[in-house]
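Spelled out from the first residue to the last, the chains are:
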Amino acid sequence: MTLTDSQIRRLQIEDGLVSASGASEAAEQTEDQALRVALRASLMPGLVPSLAPEVMGSLGCEALPLGNVLRDAAGEVGAFWPGIAAEIGAPVGGVGDILREALLAAAEEEPPRHFNRVWLWGSIGLAAAAAAAMLLINVALEPDRVPDPIARAVEVVEPVVQALPDELNLPGLTMIEALESETASVVQVLQFDSEAPTIILIDEDTED
Amino acid sequence: MRWMKALVLVCGFGLPVGLVLLPAEAQAASKVGIKVRVVHATKDSKKIDKRLAKISKHLGKLGYTGFSLLETESAEIAPKGKKSFTIAGGRKLTVAVLSKDSKRARLRVEIQGKKGKLVDTTVSIRRNGFFIVAGPKYKGGILVLPISARY
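First to last, the sequence lines map onto chains A and B. 1 is the number of the first residue of the first sequence in the working numbering; add one for each residue after it. 209 is the number of the first residue of the second sequence in the working numbering; add one for each residue after it.
Derived from the structure by calculation, the hints contain no laboratory data. Since the structure is predicted, the reported quantities are computational estimates derived from the model, not experimental observations. Be a bit skeptical, because a hint or two may be false.
[Said to hold, decoys possible] These stretches of chain A come out as covered by chain B in the derived footprint (C-beta under 8 Å, 3 or more residues):
{"hint": "1", "segment": "178–186"}
{"hint": "2", "segment": "191–197"}
[Unchecked claim] From the derived model, a few chain A residues whose C-beta atoms are all more than 10 Å from chain B:
{"hint": "3", "residue": "42"}
{"hint": "4", "residue": "55"}
{"hint": "5", "residue": "68"}
{"hint": "6", "residue": "76"}
{"hint": "7", "residue": "79"}
{"hint": "8", "residue": "83"}
{"hint": "9", "residue": "170"}
The C-beta atom is built at its ideal place from N, Cα and C for all residues, glycine as well.
With the hints as extra help, turn the sequences into a complete structure.
So, in structure tokens, the structure goes:
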């Protein structure tokens, strides 16, 4: 490719060897555009024809997709598995059936090692029921235990002396709701003082 | 995996067993300890059994001077339950715990003699308190029965 004078002059201007003049720039731009068009046309690839039809035509075949041609040439292809199964001694069934039977047999032989949902929820339910029962029992046995922040802060100490009073020390007031006798001649209720026990005195005429 | 098996064993076996046993313990704690002392009171003696020292001042007001402890009967009775004893003189004493709360217990006491019901009473006594049934004749004196309820 040879450069025209204007193109050489433009390169010289870009290199700073020659000063540019405003009158000639318009003409140079037109020439540049023409150069670009020429370069694009010369570098653009031409229309590439499809080779397959030409090749197939030269072979005397129809221009069909290669897969169809191969399939037609090979004919019907049988299943591979029966031959493989016969070689390895496996039953000639579907692979899915064989895998399913093997998995079922394995499941029957060994229980699942994972913690399935039934066990998980069963354990949680039992633990919750036990916690609720323990809470109820604790409340029933110790009704005086009240969750109190002050009570929690106080250190619990074991009692040194038994809190229960000795037997027959404090009789307390007895309320009589009903009193009757079939054989006594006299029945009295005695209360000598507030700290004395209530006495139900029966007077028999004779000893039994 | 072992801890999961242990958890399952605890939840599935240990806790149900505990839940069965704990109510029994709670039931035992809810029983009332009934104790009946059978005291023979006479005017022929001035001896007072030393085991009766705590109540001798009360017994003395009955007009007798000698007191001897013949026997002591005791039983753990749950509410709605009852217990019968045969006391001196062949009488049948029945004590029933009708109910109880944190302060008082309701008891029904019956003494059955050979001729019929000597006494049938229902009382409400203070928790850990006692009362006395006295009067059945026995060997020249009378029987005095302090009855206590502890829980």
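Structure-based check of all given hints:
1. 178–186: With 7 residues closer than 8 Å to chain B, the segment 178–186 of chain A meets the three-residue bar; holds.
2. 191–197: holds (count 3)
3. 42: 78 Å, holds
4. 55: 66 Å, holds
5. 68: At about 57 Å from chain B, residue 68/A clears the 10 Å cut-off, so the statement holds.
6. 76: 53 Å, holds
7. 79: 43 Å, holds
8. 83: About 44 Å separates residue 83/A from the closest Cβ of chain B, which puts it past 10 Å; holds.
9. 170: Label violated. Min Cβ-Cβ 6 Å, cutoff 10 Å.
Comparing the model with each numbered hint stated earlier shows that hint 9 is the single one that does not hold.
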